[in-house]
Every structure is written in C-alpha cells, then in structure tokens.
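Student: Using the supplied hints, reconstruct the complex from the two chains, each of which is provided in its own coordinate frame.
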Amino acid sequence: MSSKVLVVQPLWHDMPVRGWACPNTRFEWQMEYMYWIIGELINRSGGSMHVEVLEGDQPTRANIESKLQSLHPQAYVHGSHMACNAATGSPYEPYYGFIRPSVVVCSPRGEGACYSNTLPWWQTGDLYVDCPSPNHTLFNGMIVYLVGCIAGRKLAPDMVNAGAKAVIAQGDLLWMTIGCDQNTWWREEAFLDVWVGIFDRLREHKTVGEAVQWGKDRYDYWIDYAKQHGNDTNTIFALQTDKDYLTLYGDETATLPTPIIPTDWTLFALLAAGGGILLLSLALSKKRKRKMEEEVVGA
Amino acid sequence: MGDELTEEDMELLIEVFSEWARENPGATVIIDGVEYSASQLLTAMIGRTELGIRFAQKLKSGLLDFFEAPSQSSIYDSIAAKVVTQRSMLLAFLYPQGLVYTNEQVADEIASRSDFGKNYVKVLMKAGLSRVISS
Numbered sequence: 001m002s003s004k005v006l007v008v009q010p011l012w013h014d015m016p017v018r019g020w021a022c023p024n025t026r027f028e029w030q031m032e033y034m035y036w037i038i039g040e041l042i043n044r045s046g047g048s049m050h051v052e053v054l055e056g057d058q059p060t061r062a063n064i065e066s067k068l069q070s071l072h073p074q075a076y077v078h079g080s081h082m083a084c085n086a087a088t089g090s091p092y093e094p095y096y097g098f099i100r101p102s103v104v105v106c107s108p109r110g111e112g113a114c115y116s117n118t119l120p121w122w123q124t125g126d127l128y129v130d131c132p133s134p135n136h137t138l139f140n141g142m143i144v145y146l147v148g149c150i151a152g153r154k155l156a157p158d159m160v161n162a163g164a165k166a167v168i169a170q171g172d173l174l175w176m177t178i179g180c181d182q183n184t185w186w187r188e189e190a191f192l193d194v195w196v197g198i199f200d201r202l203r204e205h206k207t208v209g210e211a212v213q214w215g216k217d218r219y220d221y222w223i224d225y226a227k228q229h230g231n232d233t234n235t236i237f238a239l240q241t242d243k244d245y246l247t248l249y250g251d252e253t254a255t256l257p258t259p260i261i262p263t264d265w266t267l268f269a270l271l272a273a274g275g276g277i278l279l280l281s282l283a284l285s286k287k288r289k290r291k292m293e294e295e296v297v298g299a
Numbered sequence: 001m002g003d004e005l006t007e008e009d010m011e012l013l014i015e016v017f018s019e020w021a022r023e024n025p026g027a028t029v030i031i032d033g034v035e036y037s038a039s040q041l042l043t044a045m046i047g048r049t050e051l052g053i054r055f056a057q058k059l060k061s062g063l064l065d066f067f068e069a070p071s072q073s074s075i076y077d078s079i080a081a082k083v084v085t086q087r088s089m090l091l092a093f094l095y096p097q098g099l100v101y102t103n104e105q106v107a108d109e110i111a112s113r114s115d116f117g118k119n120y121v122k123v124l125m126k127a128g129l130s131r132v133i134s135s
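Respectively, the protein sequence lines represent chains E and S.
Take 1 as the starting number for the first sequence in our numbering and just add one per residue.
Take 1 as the starting number for the second sequence in our numbering and just add one per residue.
For reference, chain S alone in the conformation it holds in the complex (with noise of 0.2 Å):
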C-alpha cells in the first residue's frame, strides 16, 4: 500500500526535491548503479518519466523508512499516524500569548491537509532528504 505513489506524493517530493536540488547544485545521486544528476531526476519526475516514477517511489519508501511512519495510503497520512503515537508537544514563541499544538491537534491539521500540515510534512521531507539520499 505504502509502495503506490499518488499525485499527492508526487507533488509533494517535486517540491521538495526541487529545493534540495537549488540547495545542492551539482549534486548526484545513484539509482540502480546509474549515477544522475539531480536535475536530472527532476526533469523526469516533471515529467513523469519511468525514471522518475522510479525514483519518486524509492524516496517515498525510504523517508517513511526513515521516520519510521506507518505505510498508509500517502506521504500525509503515513506522517499523520506517526505523529499521533508521539509523546511531546510543538510550541512557538509567537506574540502575544504563545501557541501549543498536542499531537493530536498537529495529527488533524496534517489530515486535513491544512497550510500548517502541508508545511510540516514538506519540512519534515526536507530534513531527511538528504539523509536518505547521502544513505
């Protein structure tokens, strides 16, 4: 179940990889014993290339790997569940009185797909990018 991309997914690790790519010119990474370029892999995630196809679904499996997220239908939804089983609390030092998210509540924006959910994913996308990818 976890191993099927949706566009959802794939909208999301474009995003994504295309930041990491800006933020690493010149960067290659390995598929199969094939070494590409990252804008390489872009340009056939784009496109929605077999490579790319390819690639998406190996990113997708080893950041859920990484996080340890349950395999659910898509990237939100696996992090969702994730969260919920968390034992902390997100603050923020926000004028005037602060702001406190349980996971519970950081669970439904991610749901719902929410600005913030959408965001937290897409940040948390970004921190094991290049671990998995450097892995």
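So that you can see chain E by itself, here it is in the shape it has in the complex (with noise of 0.2 Å):
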C-alpha cells in the first residue's frame, strides 16, 4: 500500500511577470511559477504515491476539508502565496485593481504583528490575517509541506502542536528569480529543483530533517552555479534567503510509510487462509445439505 498525498495547487493571476522589464519570460503570473513547480512535484510523485490534486479554482476551504477528511493522507502539500498564520486558495476576488485569494487553511493569529525580517512593516502591513475558525487542526498526523512565504512563523508550529508530525515551510519570505531571456531560464530550474527535490526526498522514505537539510545544501549548489552563470545577485539573493529560513517544525525523524510489499511467506499464507475458508465453507455446506435431505426423509 504506497502513501497517501494531498496536493493543493491554486492558480489565478495575481501579479503579472512579463512586461517591459522582462518581456521573454515563460510565465505571464507570478502564480503560474508556482503552478509549474508544484505540477512537477506531483508528476514525480504520480509513480511511487497515490496522489489526490486540488488545483486551479478547486482548492476551496470546503473541498480541503473535506479531501483531508476522506482521504486521511500521510502527506500534504500546498504551494501558493501565504501569511505567517495562513495559506490561500480559492475562491479569488477583485482586491484593489488585484485579484486577491481566499484564506483556506489557518490558524489564530499571534500576539502583536507578524512582521518580515527581509522587508520593512509599512511596505508588507501586519502578516496575520484574521482566522475566525481555525482548521489547522486538521493534519493530525501528517507530514505537511508548505511552499510559500512565512507560513513558518505561526502556522506551521501551530500545526504541530495540533498533532501533525513535522511541517516543513519558511521563516520568512520565500523569493525566486525569473531570468528574462531563455539564456537565464535556469534560475527557474534552480527553484523548482529544491522545492520539488526536497519532497522528493521525503518520497524516498528520507526523514524530514534529512529532506531539509538536503535542500539546505542544495541551495549551495546553486548559489555556487548561478556565480558561475552570469553572478546574478538578485538569484543570489534569493537562493540565499530561502536557504536561510527554510525550517521544519516537529519530529525531524519523521518518513513517509514504506510501502507494504507482501513478501513470499505473506504470500503463502495469504493463500494458505483463504484455502481454508473455503474448505471449511464446503464442509459447512455439505453439512446443512446433508441435515436438510435427513429432515426431508424423516418428514
């Protein structure tokens, strides 16, 4: 029996990547970043997990709830923007000339302001957002990644001390680069190939502090790379960053479940068991026939 994941992977367009400052990205919202990284992360998972995706308008409060009620997985993933004490999905609505996502999963807010380490308060605002029932308590047992910003400082521990077993998500603001001409679309391979490589890791049965700190040096691979590929500061910058306040909260040991392989032995008595029932149904049978022809011959 192989493990059990739930995927939530929103998309909407929320701000736009490709302009006069870079007009050859791939992508044309930033959301479609994400989206990309996450659909590789399930794609690789499809061979070796049972998968179950929420995605595009799909990732609704209700529908997580509900998925995380009927599926009981072992692992959850939710890749999409995110404040200290939330992440978002569907459904979207206008938000000053933006389009903004709805709070899908949370926890209470924290004493005082969440505030960036990276960023000044006035420019991101106070990063709790208002939690009036909370659903965090709905991973019991899980091992939960969380791919977007800050989610690290409250709702991540949050969660774990709601029951799940380990969370892995950022301290802080979770930042990637887009390179604006194909030459430079390595940087989004960068990204993609940490974020997905450390689940990747987890798929492998790896424990979640070994996952963790596989991405921690995989940061430094690509730090020394992009130095060697153009020394893109704002790529370095980020991959620095992300490094920095990659976090997991909970049971560093923590694995995903080996799969149960029946070996030979369990074979055999599988077969042995099911041999015996049905012989001792026939005798059982044979039994009630024969008690049934006595009754008839003693009428």
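Each hint should be verified, as a subset may be incorrect.
Below, a list of computed lysine-lysine pairs in the DSS-like style, where the Cα atoms sit at most 25 Å apart [unchecked claim]:
1) S:Lys118 with E:Lys227
2) E:Lys4 with S:Lys126
3) S:Lys122 with E:Lys243
4) S:Lys126 with E:Lys243
5) S:Lys118 with E:Lys216
6) E:Lys216 with S:Lys58
7) E:Lys227 with S:Lys126
8) S:Lys118 with E:Lys243
9) E:Lys67 with S:Lys118
Bear in mind the hints are in silico, worked out from the structure with no lab data behind them.
Tutor: Structure below.
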C-alpha cells in the first residue's frame, strides 16, 4: 500500500511577471510559476504515491477539509501565497485592482503583529490574517510541506502543536527570480530543483530532517552555479534567503510510511488462509445439505 | 576608489563577519601568511586596529570581485550599480497578491539604504563571505 498525499495547487492571475522590464519570460503571472513547480512535484509523485490534487479553482476551504477527512493522507503539500498564520486558495476576488485569494487553511493570530525580517513593516503590513474558524487541527499525524512565504512563523508550529508529525515551511519570505530571456531560464529550474527535490527525498523515505538538510545543501550548489553563470545577484539573494529561512517544525525523524509489499511467506500465508476458509465453507454447506436431506426423509 | 573603506562599509562587514564567525566557531583565516582566529579578526575590526582595517579592506575588494560589482565609493553603491545591469526579476509568494521587484527597484532600494536594500546587500555579503574566505 503506497502513501497518500493531498496536493493543493491554486492558480489565479496575481502579479504580472511579463512586461516592459522582462518581455521574454515563460510565465505571464507569478502563480503560474508556482503552479508549474507543484505540477512537477505531482508528476514525480504519481508513480510511487497515491496522489490526490486540488488545482486551479478547486482548492476552496470546504474542498480541502472534505478531502482531508475522506482521504486521510500521510502527507499534505500546499504551494501558494501565504501569511504568518495562513495559506491561500480559491475563491479569488477583486482587490484594489488586483485579485485576492481566500484564506483556506489558517490558525489563530498570534500576539501583536507579524513582520518580515527582509521587508519593512510599512511595505507589507501585519502578516497575520483574521482566522475566525481555525482548521490547522486537521493535519493530525501528517507530514506537511508549505511552499510559500512566512507560514513558518505561526501556522507551521500551530499545526505541529495540534498533532501534525512535522511541517516544512519558510520562516520568512519565499523568494525566487525569473529570467528575462531564454538563456537564464535555468534560474527557474534551480528553484524547482530544490523545492521539488525536498519532497523527492520524503518519497524516498528519508527523514524530514534529511530532506531539509538536502534542501539547504542544494541551495548552496545553486548559489555556486549562479556565481558561475552570470552572477545574478537577485538569484543569489533569493537562494541564500530561502536557505536561511527553510525551517522544520516537529519530529525531524518522521518519514513517510514504507509501502507494504507482500513477501513470499506472506503470500503463502494469505493463500493458505484463503484455502482454509474455502474448505471450511464447503464442509459446512455439505453438512447443511445432509441435514436438510435427513429432515426431508424424516418428514 | 573601491579600495577605500567607508565607515558604512566597516559597519556592514563587522555585522556580516560576526554572524559568519558565530556560525563557524573555531574558523581561522590566513592573512599575508599569518593565521588568525575569526574572533581575533572580529575584535580587530571592532577596535579599528591596523589589522582590522587591513582585513576589512581585503574582504571588501574580495567580495566586490566575487560579485563582479563595479568599484564605487561604498559596497552599497557598488552592488546597486551591479544590480541595475542585470536582466531578472525578484518575486515573493506573499499574501495577498505576491510581490515583484524589477532590477531598477532593487537598485533604488539599495541606493536609498532602505531596510530592504540594506538587508539585500547583507544577504549577498553573507553568501559571498564563505566562498571568498575559503578561496
């Protein structure tokens, strides 16, 4: 029996990334980038895990909660914009000239305000969002992977305190860069490589601690690569910050369950038990038949 | 011009090097054939001794070489001049609609010494420091 994972992959038109400054990107919107990365995670997981996906408009709060309760997954992956105590999804609504996603997973606000270490408070505002009915308690026993900004501040520890085995999340903003011409598209592949690679390690039944350490080492690999391929400081900044704030909460020795593969002896035992049941039911039906014949004769 | 060390450079280098020293306890650095402990060098930098200033100058020129940043009066201005020549955009997956910075915006943040600009340069210095010291 393989591990079950629920993957949440929202998609909406958030911030445009193709424009006068960067005319030749392969993505038009920021979330297309994330959608592409999580799509790769889904593709790679399909062969070895039971994967269920809520994508595009599907990841509403109600759909996520219902799927968690019906599927009972061992792992949960969510790739989207996030706040200190929340992850977002559908429905998407107009918001001061932009489109705003909905809060679909959240825990209560903490004391005071939640600010980023990399951007000033007046630029981002308080990164706590209102959470009138928290649902962070629905991840009991799971390994959770939150691919988005700053949910490591409150949502991730709250999930662990509510019973999640382990949560991988960012302790500050999750940065990435986009290349403005085809020669620099490898930068996008670099972030994909790290973010999907962390989950690959979990699929290989490495511990969560090993998966996170692999991610940190891989960020270093890509910093060296970036240095040798154009030395783009935006990319080096993003890789180094993401590495510094990649954080693990909960049990670092947690792993996804190893699939149960029947051995020869287990198969033999199952066949023997099946055969025994068959013989027993045959004997019982014979006995019942004989009794009925005796009753008919007696009558 | 780039070899001159401003007080702003010195403060930045002390902050970054002290973090590096904390994360690499027991690390040593060889300067002109002499081996020094990281804490010795940090103390020298904070005290603005001849050794501390010489080490800071080496760090500054090594880091600017590492990032291929044009030599300006300060580390901030050198990195800002480098950023503006790049062709990439910086994104963050932050609630509600995400963040996008063009190169020009990042360069402006650095040039104006905003909190973000200062942090950007500090992170870069940190990324370069281990590589410059070990090379």
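Student: Confirm or reject each hint.
Tutor: Checked hints:
Only pairs whose Cα atoms come within 25 Å are accepted, and Lys118 (chain S) paired with Lys227 (chain E) is accepted, the gap being roughly 21 Å. Between the alpha carbons of Lys4 (chain E) and Lys126 (chain S) the distance comes to roughly 40 Å, so the proposed pair goes past 25 Å and is violated. As the CA atoms of Lys122 (chain S) and Lys243 (chain E) are separated by approximately 15 Å, the hinted pair is consistent with the 25 Å bound. Restraint check for Lys126 (chain S) and Lys243 (chain E): satisfied, since their Cα atoms lie roughly 12 Å apart, inside the 25 Å limit.
Between Lys118 (chain S) and Lys216 (chain E), the direct Cα distance comes to roughly 24 Å. Compliance with the 25 Å bound is thereby established for this hinted pair. Using a Cα cut-off of 25 Å, the hinted pair Lys216 (chain E) and Lys58 (chain S) is violated, with the two alpha carbons roughly 28 Å apart. Restraint check for Lys227 (chain E) and Lys126 (chain S): the C-alpha separation of about 14 Å stays at or below 25 Å, so the hint holds. Distance hint between Lys118 (chain S) and Lys243 (chain E) is fulfilled; the C-alpha atoms sit about 19 Å from each other, no more than 25 Å.
A C-alpha spacing of about 44 Å is found between Lys67 (chain E) and Lys118 (chain S), which places the hinted pair above 25 Å, so the restraint is violated.
Violated hints, in rising order: 2, 6, 9; the structure is consistent with all others.
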